[in-house]
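Required output: the full structure, derived from the provided sequences and hints.
These protein sequence lines map, in sequence, to chains A and B.
When we follow this note's numbering, the leftmost residue of the first sequence carries the number 2, and every step to the right adds one.
When we follow this note's numbering, the leftmost residue of the second sequence carries the number -19, and every step to the right adds one.
If you are wondering where the hints come from, they were derived from the structure by calculation, not from laboratory data.
Certain hints may be false.
[What the hints assert, rightly or not] Pairwise CB distance ranges, derived in the manner of DEER restraints:
#1 B:GLU72 / A:PHE207: 21 to 29 Å
#2 A:SER7 / B:GLY36: 33 to 41 Å
#3 B:LEU(-6) / A:MET191: 12 to 20 Å
We treat Cβ as the ideally placed atom computed from N, Cα and C, and that holds for glycine.
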Amino acid sequence: MVDLLSIDTINFLAAAILLVSLLVMASTRMGQLVRSFAIQSIMLAAISVVLAHYTGSEHIYIVAALTLVVKGIIIPRFLMYSIDRLKVHREIEPLVGIPASLLISGGLVIVAYYVTEPLISSAEAVTRNCLAISLAVVFIGMFMMISRRKAMTQMVGLLMMENGLFLGIISTTYGMPLIVEIGIFFDVFMAVLIMGIFAYRINQTFETLDTTFLRRLRG
Amino acid sequence: MVEILLLVPLITALLCAISRSERAIFVFSVAGSLITALVAIPYCYQAFFEGPVDTGLWYLDPLSGLFMVVIVVITALVSLYSVEYLKHDRTEGEINIKDLRYYHALLHLFAFSMLVVVVVDSLGLMWIAVEGTTLVSAFLVGFYKKSEAMEASWKYLIICSVGITLALLGIILLYASSVDALGANADTLDWSVLRSVAGQLDPALLKISFIFILVGLGTKAGLAPMHTWLPDAHSQAPTPISALLSAVLLNCAMYGVLRVHILANEAVPGFSSSLLIFFGLLSLAIATAFILTSRDVKRFLAFSSVEHMGIIALGFGIGGPLAVFGAVFHVLAHSLTKTLMFFGAGNVIQKYRTREMKDIKGLGRTMPTTAALLVLGGAAIAGSPPFAIFIGELFIISGALVQGDYLVAGLFIALLVIIFAGMTYRIFGMVSGKPQEGLPEGELGKLRLLPMLFLALAILGLGLFLPEVVSDALSAVVELFGVSA
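Written as C-alpha cells, this is what we have:
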C-alpha cells in the first residue's frame, strides 16, 4: 500500500526547496540570503523526517537531526556572526542582473529535468521529482557561486549545492551508510569554518571581501 | 594493523606542533616521515605479492600499494628538503618559530589525509578523506599570508570544493546503481563489494556517475579544463609543498577516478575509457600552450603536471596491457621527476629571490650542482631517454598502436614533441647565460641536495633497468584493470 500522503508531502517540500533556491537568486541582501539558506536546510530536515517515516529506515532520523542542527542553526549563525564581524556590506552586488539570473536559473531547472529524464522513467514514485530537483538546486548553487562576487555569497552557494546533494542522497538511495553521512556533515562543517577563516584573512589583506579583486594570478 | 600506519603521521604532527626548538621540530618531522615509510613498506609488499589486505574498514590492493609508496617516499623526501628551505626563510625573517611548527604539523596531517584516501575500502569515506586533503592543504598554500597566497588558497578551496561536491553526486549515483545488484539493505559503498558485482551495476546510472566523478575528482587531479586552481596554488605554496601537491595530491585524486573507472569499465566497457582519453588529450593540449608561454618557473612546472596527469589519464583510457602498464609506471616516474624539479626550482628561487624565468640566468656558474640536477631532471621531465618518464610514454604510445588507436597516438606524439622543445628551451635558458651582478656563488646547503641526488638516481635507475620486484609489483596493479601484462 503506497502512502500517498507521504509522497505528496515529500513532493511539496522538494518543490519548496527549489523555490527557495530561486528566491535566493532574486535576493539583494546578505541577511536575506543566509536566512533563506537556513529555511532551505530546515525544509530538508523536514523531508528527511517524512522519508524516514515512509521508508521506516531509522538512521534517516539521525540525518534529519544533524541537518537541522548543523545546517539549520549552527552554520547560519556562524555566517551571520562573520557578516557582522567583517562588516560586510549588506548589498549582494551581482555580476549578472537579477532578471537575467532568474531566467538562467529557470533554464538550469529545465536542464536538470532533461538530464535526469532517462533515470526518472524507471524510478520509484518518491524519487521521480526529487532527483531532478536536487540536480537543479546543485546547478543553481553553482551558478550563484559564479555570478555573485562576495566571498560570503560563494560560501552560501556551495552550501546550497550541498543541500541539493543531500536531497539527492536521501531521496534516491534512502540514505547512504550512516558513517559516510556523518563524515560528510563533519566535512561540510569544517569546510565552512575554514572558508570563514580565509574570508577573514582576505578581508584583512585586501580590506574587502569582493572576490573580483582576486584576479592577479594569471598566465 | 593499518591503524599504526595512520597513527604515525598523526603523532608526528602532534609532536611538531608542541615542540619548542627548531631543531626538535626538524628531528621529529624527518624521523616521523621515515618511520611512516618503514611501516608502510611491509603493507605494500603484502598488497602487491600476497593478495589484498581486507579488514572491513581498510582495504589494500596493489593499486593502493602503488599510491602508498608514492605518498610515503615523497613525503619523507619533502620533510628532509624542508629543513634547510625553512631555515633559509627564517633567516630571511619571513617566518617565525610559530610558523615553523604550524608548517610541519600541517605537512604531516596532509600526509595522513592522503594515506587515508588510499587505504579505506568505502568510496564514501574516500570522498571524505579527499575533501580533508583540500582543507588541510589550503592552509599550506596560504602559508606565506601574502595577498597573492591568499588569492591562490581561496581559489583552491572554492574550486576544489565545488569539484568534490560534484564527485559526491557521482558517488551517490554509484550507490544508487548498486541497489538493484546488492539489494536495498546492503548499505555499503565498499569498493571490494562493488567490484564483486561490477557486471550487474545499473549501466545508465553508472555512466552519469562516472561523468560526475571524473569531472569532480578530475578537478583535483588537475585535468583540463578544470585545472585553473592548479598553477595558482602551486606557484604560491612554499616550494616543498608544491612538490607534494604536484607529485602526490594529484595522484590521490586520480586514484579515486581509477577506482570508479575499474567498476565502470566492467559494467559498460569502453565508456569511461573514451572519456579518459578525451580529457587526457585535452589536458595535454592546454598544458602545451601554457608551458610555452608561462613566465613564472613554478607555474611552468605546474602546467607540466597538468600535462603528465593528462598522459596518465590517456594511458589508462587507451587500455590494453601495454598502455596500462605504461600509465602505472608513469605515475611513479612523474612523481619522482616532478619532485626533483620542484626541489631544484626551490633552490633557484631562494638564491635569485624571483620566480621569473627571464631573470634567472647563469645557473651553471652560480650553483653548479643544482644546475646539473635540474638539467638532468629537465631532460627527464621533457621525456628524453634514458629516463623513467620516457619509458612510460613509450609504453603508452606502443599500447595505442597495438590497439589501433592511430589518431590518438599521432596526436599524443605531436604534442609531446612540442612540449619537449618548449621544456628544454626554457630549462637551458635558465642554466646558461650570465648571472646578474653581485650574486654570490655557491649552493645554499648540502642537506637539500641529498634528496635531489636520490631522486636523480632513482629516475635514471628506473629508466635504465627495471628491477624485477618493481615490474612484478606494477604487473600486479595492471591485472586489476582486467588486462594482464
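Tested hints:
no.	hint	in the structure
1	B:GLU72 / A:PHE207: 21 to 29 Å	24 Å, holds
2	A:SER7 / B:GLY36: 33 to 41 Å	35 Å, holds
3	B:LEU(-6) / A:MET191: 12 to 20 Å	18 Å, holds
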